[in-house]
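Participant: Residue strings, one per chain:
Number of protein chains: 2
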Amino acid sequence: MVERLSAEARKAALWELAGWSETSGREAIAKTFVFKDFNEAFGFMARAALVAEKSDHHPEWKNVYKTVEVVLSTHDVGGVTKRDIDLAKAMNAIARQLGVS
Amino acid sequence: MVERLSAEARKAALWELAGWSETSGREAIAKTFVFKDFNEAFGFMARAALVAEKSDHHPEWKNVYKTVEVVLSTHDVGGVTKRDIDLAKAMNAIARQLGVS
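In the order they appear, the protein sequences are chains V and F.
Counted the way the working numbering counts, the first sequence spans residues 1 to 101.
Counted the way the working numbering counts, the second sequence spans residues 1 to 101.
Errors might be hidden in some of the hints.
[Claimed, not checked] Cross-link-like lysine-lysine pairs, in silico, DSS-like; alpha carbons within 25 angstroms at most:
| # | chain 1 | residue 1 | chain 2 | residue 2 |
| --- | --- | --- | --- | --- |
| 1 | F | K66 | V | K66 |
| 2 | V | K36 | F | K62 |
| 3 | V | K66 | F | K11 |
| 4 | V | K82 | F | K66 |
| 5 | F | K31 | F | K62 |
Simulated from the structure, these hints should not be mistaken for lab results.
Keep in mind the model is a prediction, meaning the values are calculated, not measured.
Just chain V, same shape as in the assembly (with noise of 0.2 angstroms):
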């Protein structure tokens, strides 16, 4: 199993993930994208599905039109962990391909 990050892990991931920040009530990390219209928000999503499934580890996001709200942690374990971490950096790296930061 994953390890938790402690609140200063999860400070000094957060603080390369452009964009993304702890959210309140519960530790996770959530980035709000948006992007120029549905047909690229949902691009943004289907190469992000793949990513998730891939790794088995899944987003928790809603969708409305061209933007994308993404929340992310480890229910194993009830916290944010390198998993996380990991499928931040691979969103935002999909997110730039699109022009997006």
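Following the hints, complete the assembly by docking chain F onto the known chain V.
Facilitator: Leaving out everything else, chain F in the frame of chain V:
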């Protein structure tokens, strides 16, 4: 512009839409689909996204692993229209093909 359905017309339409109900607090219809796993849940979303994009009418939806919560309304008219009913029917048909009702 499509016409906003009256409360009566909404209820009549919902009568034929398995699993959909009115939301509280706003004029919209909602349904939570529960699939076998993420693969099926996102497969449903991918197919529904193509329908939505083709008809230029998009859902608000949230996905957590095998669950997809959908809310439909027509923002232009601040209520539910035939476009929402049509998208809801299409989503039910896609889910049915995946063995979910």
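Participant: Of the numbered hints stated previously, which ones are contradicted by the structure, given in increasing order?
Facilitator: 3
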